[in-house]
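Q: Here's the letter readout for the chains.
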Amino acid sequence: MTRPELFEMFQRMATEIAEKDFSDVTEDSNIQELGLDSLSTLELVGAMERELEVQIPDEQLVGIQTVAQLLELVEKRMSA
Amino acid sequence: MSAPYTLVEALDRLPDGDERGFRFYGLDREERFYPYASMREEAARRAAFLHAAGLAPGDRVALLLPENHEFVLTFLAASVGGLVPVPMYPQATFKSVDAYLDILAHIVEAADARALVAMEANRDVVDKLATRPEMQGRRVLFAPEAFEGPAPAWSRPRVAPSDLCFLQFTSGSTSRPKGVEVTHANLVANATAFLGPRGLARTPDDVGVSWLPLFHDMGLIGFVLGTLIVDLPVVLMPTAHFARMPRRWLELVTKHRGTITYAPNFAYQLVEKRVRDADLASLDLSSLRVAGCGAEPIRARSLLDFAERFAPCGFDQRALLPSYGMAESCLAITFHPRGTPMIVDRVDRTTMQDGIAAPSSAAAGDPDVLEIVSCGVAFPEHDVRVVDDRGRELPERRVGEIVTRGPSVTAGYFRNEEATRAAIRDGWLHTGDLGYHAGGNLYVCGRIKDLIIIKGANHHPQDLEWAIGELEGVRRGNVCAFSVVRDGTEELVILAEAARADAPRLRREIAKKIYADFGLQVADVVISPVGTLPKTSSGKHQRHKTRLLYERGELEKHAVEIDG
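One line per chain: the protein sequences are A and B, in this order. Residue 246 is where the first sequence ends in my numbering, and the numbering goes up by one at each step. Residue 580 is where the second sequence ends in my numbering, and the numbering goes up by one at each step.
Heads up, a few of these hints could be off.
Computed, partial: chain B to chain A, Cβ under 10 Å [as the list claims (entries may be wrong)]:
| # | residue |
| --- | --- |
| 1 | Arg61 |
| 2 | Ala176 |
| 3 | Ala259 |
| 4 | Lys471 |
| 5 | Gln537 |
Please keep in mind that the hints were generated in silico from the structure rather than gathered at the bench. Glycine is no exception: its CB is placed at the ideal position from the N, C-alpha and C atoms.
Produce the complete structure using the sequences and hints provided.
A: Next comes the structure, spelled out in structure tokens:
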């Protein structure tokens with residue numbers, strides 16, 4: 167899966183979970199500014215885990231701030 | 017009333033054999049079954065190691081254990097060893113690490129914990145925590161590594177019912193965390209009340225299913241300590257798994273034929289929304305006789321929607337069991353009678369503003385009607401009253417503060433006399449919650465304290481306000497945080513005074529800060545001209561008045577520019 171595809175998946179899943187428009191979001195966006203609370207963000211991670219068949223342990227999510235950082239973590243876990 | 021006993025004695029009385037015990041799903045998704053006997057053995061083994069590490073009866077030991085089985089076994093080890101465990105929130109996903117470390121450091125210090133038990137998985141956090149001054153002189157152990165090998169020799173201490181069993185830190189003000197003292201006698205009194213004949217009436221066939229976090233009373237007492245005391249086997253799933261896929265909760269009930277489960281209101285609402293039509297066929301909720309709800313205000317609509325959605329899966333609406341309680345009373349204060357339909361009181365919104373819960377005859381959905389769910393009645397040997405501000409008991413349908421007393425109620429907060437005196441007056445625990453009695457049932461309808469409760473977690477507005485006060489362009493003391501109820505859901509509103517030029521930047525930064533420090537989404541950030549927020553003569557702002565002005569739309573604010 168290419169990075170733009172991964173980003174598109176992120177946008178689509180965030181839209182489903184938060185029922186908001188995420189078309190303005192970029193990779194540089196801060197996850198904290200997206201208008202998701204921490205529980206919804208975990209739900210989004212769960213949705214990506216299932217779609218991509220990876221597991222992302224909670225402790226690796228500590229300190230993640232931007233969409234790009236999250237996607238990099240997902241990519242790292244996919245190649246692990 | 018039977019003579020008080022301890023959690024340790026209850027543990028010793030649990031039946032041997034491989035049939036009954038606790039089933040844990042790990043963060044690694046592995047399933048681990050511990051028969052009671054092996055829990056008991058492992059607890060005693062670990063207790064020996066804790067003593068060998070220099071801990072003595074009465075010492076506090078902080079637990080930062082993300083794996084449920086590690087948490088439960090180490091908690092029980094502390095109990096068997098006469099120590100006082102202090103459960104702490106084990107992860108800080110997406111939140112700011114610094115704000116999280118602040119909370120941990122404050123709790124460790126307030127509890128004066130001799131040691132901290134953590135896991136390799138959170139070693140990063142522990143290493144950072146270890147550099148804080150509050151951690152000086154406290155030992156750090158890692159589970160399970162610290163408990164490997166043959167157990168050292170030790171002598172088992174005698175534990176009395178009046179001894180502290182654990183400290184329950186409420187998600188209180190982060191700068192002044194309050195540790196509720198829970199004795200063995202308090203715990204046993206509450207567990208035997210809410211699981212006894214006038215509560216859930218535990219049967220030998222019951223199976224509890226829970227994803228609730230174990231650092232919080234509903235998960236810890238409801239599904240670990242209380243269930244152990246009455247021999248009720250449970251299946252525990254990590255909260256992280258529920259958060260990642262809410263419907264896994266119901267899949268677990270289906271798989272293990274769960275009879276009792278509990279969750280805050282938001283979880284019923286969430287799972288009802290998230291489950292797909294195609295999932296319904298694989299769910300069987302006919303085994304559930306109790307689907308309890310507590311820890312945050314209960315919205316009748318959320319529970320009824322859940323019941324309707326899952327009726328095809330065999331869910332019986334009479335399983336819905338609204339409850340009221342708080343950590344200061346161990347866990348439970350009142351329960352709706354099990355197996356009976358939920359009672360919803362429809363009252364007039366206008367008279368409620370004057371503290372009178374007058375029944376309304378208006379049609380359902382009318383904005384003048386408030387729907388309030390009955391939380392039932394107090395347990396035997398416990399009293400619940402609704403009182404006015406002078407402590408006088410109010411008649412039915414008059415709104416006042418809910419107070420309670422009985423063997424479940426705490427003696428106070430650990431080494432915090434001021435907070436204890438404020439909460440417990442003349443033997444009555446003042447809950448800070450507003451309610452009324454009608455037909456003998458308790459209805460909870462608001463709060464005296466300015467507490468904000470979102471998704472079952474309590475937040476103190478002053479903590480949010482202080483955090484925002486650190487932002488450039490905001491003057492400390494000129495911030496107001498409060499919640500409003502929209503569509504039955506509590507939402508966070510932040511108001512700050514600032515110059516017009518700073519407004520767009522601050523709107524972004526405030527939302528970001530609140531997420532980073534508290535994991536909360538702000539529904540509305542309002543930036544008002546300096547001098548707008550109402551103050552008292554002492555200069556202290558008035559949250560109630562501000563909220564009122566906000567709700568009426570009478571608050572002056574800088575316009576939100578449309579800049580895409």
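Q: Against the structure shown, which of the earlier numbered hints fail to hold, in ascending order?
A: 1 and 2
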